[in-house]
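Novice: Sequence:
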Amino acid sequence: MLGRLNGSRLAEILTRESAAFASRTAGSAALLETARGVMPDGVPMAWMAGLYRHRPIFVAEGFGSCFRDVDGNTYLDFNHADLSNTAGHGENAVTRRIARQAARGMQFLLPTEDAIAVSQLLRNRVGLPMWQYTLSASAANTEVIRIARAFTDRQKIVLFEGKYHGHIEPTMAEGGAPGANADAAPDGMGISARATADTVNVPFNDIPALARALQDDDVALILTEPALTNCSLVLPEPGFLEEAYRLAKAAGALFALDETHSWQFAYGGLIRAHGLSADFVTLGKGLGSGMPLGAYGMTAELGGFVERHRDVDVAQVRGLAIGGTTYGSAITLAAARAVLEDILTEAAYARVAVLGSRLADGIERIITTHGLPWRAFRYGPRSGFCLAPELPRNLDEALPSLDQAFSDARRVFMANRGIWEAIASAGPQVSFVHTEADIDRYLEVAEDFIAEVSAD
Numbered sequence: 001m002l003g004r005l006n007g008s009r010l011a012e013i014l015t016r017e018s019a020a021f022a023s024r025t026a027g028s029a030a031l032l033e034t035a036r037g038v039m040p041d042g043v044p045m046a047w048m049a050g051l052y053r054h055r056p057i058f059v060a061e062g063f064g065s066c067f068r069d070v071d072g073n074t075y076l077d078f079n080h081a082d083l084s085n086t087a088g089h090g091e092n093a094v095t096r097r098i099a100r101q102a103a104r105g106m107q108f109l110l111p112t113e114d115a116i117a118v119s120q121l122l123r124n125r126v127g128l129p130m131w132q133y134t135l136s137a138s139a140a141n142t143e144v145i146r147i148a149r150a151f152t153d154r155q156k157i158v159l160f161e162g163k164y165h166g167h168i169e170p171t172m173a174e175g176g177a178p179g180a181n182a183d184a185a186p187d188g189m190g191i192s193a194r195a196t197a198d199t200v201n202v203p204f205n206d207i208p209a210l211a212r213a214l215q216d217d218d219v220a221l222i223l224t225e226p227a228l229t230n231c232s233l234v235l236p237e238p239g240f241l242e243e244a245y246r247l248a249k250a251a252g253a254l255f256a257l258d259e260t261h262s263w264q265f266a267y268g269g270l271i272r273a274h275g276l277s278a279d280f281v282t283l284g285k286g287l288g289s290g291m292p293l294g295a296y297g298m299t300a301e302l303g304g305f306v307e308r309h310r311d312v313d314v315a316q317v318r319g320l321a322i323g324g325t326t327y328g329s330a331i332t333l334a335a336a337r338a339v340l341e342d343i344l345t346e347a348a349y350a351r352v353a354v355l356g357s358r359l360a361d362g363i364e365r366i367i368t369t370h371g372l373p374w375r376a377f378r379y380g381p382r383s384g385f386c387l388a389p390e391l392p393r394n395l396d397e398a399l400p401s402l403d404q405a406f407s408d409a410r411r412v413f414m415a416n417r418g419i420w421e422a423i424a425s426a427g428p429q430v431s432f433v434h435t436e437a438d439i440d441r442y443l444e445v446a447e448d449f450i451a452e453v454s455a456d
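FYI, the working numbering numbers position 131 of the sequence shown as 131, with every residue one higher than the one before it.
It is worth saying that the hints were derived from the structure and are not from the lab. Nothing here was measured: the structure is a model prediction, and the numbers come from that model. The hints are all genuine.
Label-pair distances were calculated between CB atoms; the ranges are:
1. Asp-183 x Met-48: 30 to 40 Å
2. Ala-22 x Arg-310: 51 to 61 Å
3. Glu-12 x Gly-105: 51 to 61 Å
4. Arg-53 x Phe-305: 37 to 47 Å
5. Glu-346 x Thr-435: 11 to 21 Å
6. Glu-91 x Val-70: 19 to 29 Å
7. Arg-53 x Thr-435: 21 to 31 Å
8. Asp-311 x Ala-11: 47 to 57 Å
9. Val-317 x Ser-192: 23 to 33 Å
Backbone N, C-alpha and C fix where the C-beta goes; we use that ideal spot for every residue, glycine too.
Could you put together the complete structure from these sequences and hints?
Specialist: Written as structure tokens, this is what we have:
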């Protein structure tokens, strides 16, 4: 039981709704059979099958806050490709800027003026002066870890339980807390145990545990989201991030904020919203509005270090192992400039914050109406169902809200009624193109679902 939710009823709903979903998506099913002959699971990237736990659908087009599948079903999107396209689908200022740049050239392995403009915009919003670009936040985190290790001449990195910093070997690790009898273990198949041996995981919001992890002065970097966003939503307790930064400085370690998701919660990210300090900030996903793009900002001191240790082609002395052939391309930075100048404006953030409150208030009302001992997650545009009476402070407290049966039944129920729900580990989020009517439609369908699963 989840509150008053019956597990067998969730299973019944999932069976019924899955059958309806299958009948509505016959065209996708036919394409999937063909696709399986050339791609594992019939998809070009494994997550397209693994994230949803139902048969993948094939998309025909997107427009604004919606997309349409090949069977003609339209979905109001509250997942936004896991926040990688919160600027909306279809033609907008970003796609027009991309088209103009594509006509002039997409990639030169040389900078364009857009690189300067984007870096200045990010400097002014985030507060860090020096910037570099990759094709994903995963790659940005990889480069930050490498720079930190080179700068400090140390190897260990400290992460927080419940984190996700991309499918990169140093961060795909679990365990290894101070005092544990074993090193951190790989959190997935195909990852070398040697790659995670220098990773330490501690509970979020636990300053004593963090202090213990730093006590040997052998840590290169603390890497954290300012709020954990991949195990539902875990907010920092007052003063936690400030004290974490202070401890890092005292131990000679660097401090990085991964704002891949949270940068879309508030203008300039949580580093700006809460006046935080950091040596690095990493970004990705929505910064490119669907274009593959990651970025990281750093202090002037670290920028100077990067300049002094540049890796030079065919040189005898090797420099920092950063960069990539298609990183910082003309086309991706054209997209980022349009996102920053035309979509992710201060006024737009203020608007989605209001809509986010409407969403969270509506979820709270649904919970109260049906007498459930739950809460609504809320931060700016982000919300969701907290399946516990108190909001979580760490991974252990967040786990009840990651109930697979509840998530699976809700996802397919809502899809059959035209709502594309967020992935199970995240939560519905307002995009920069959603309207009040979109929020109200989400809440209407969500209430129908909760009413059915909680009925006596």
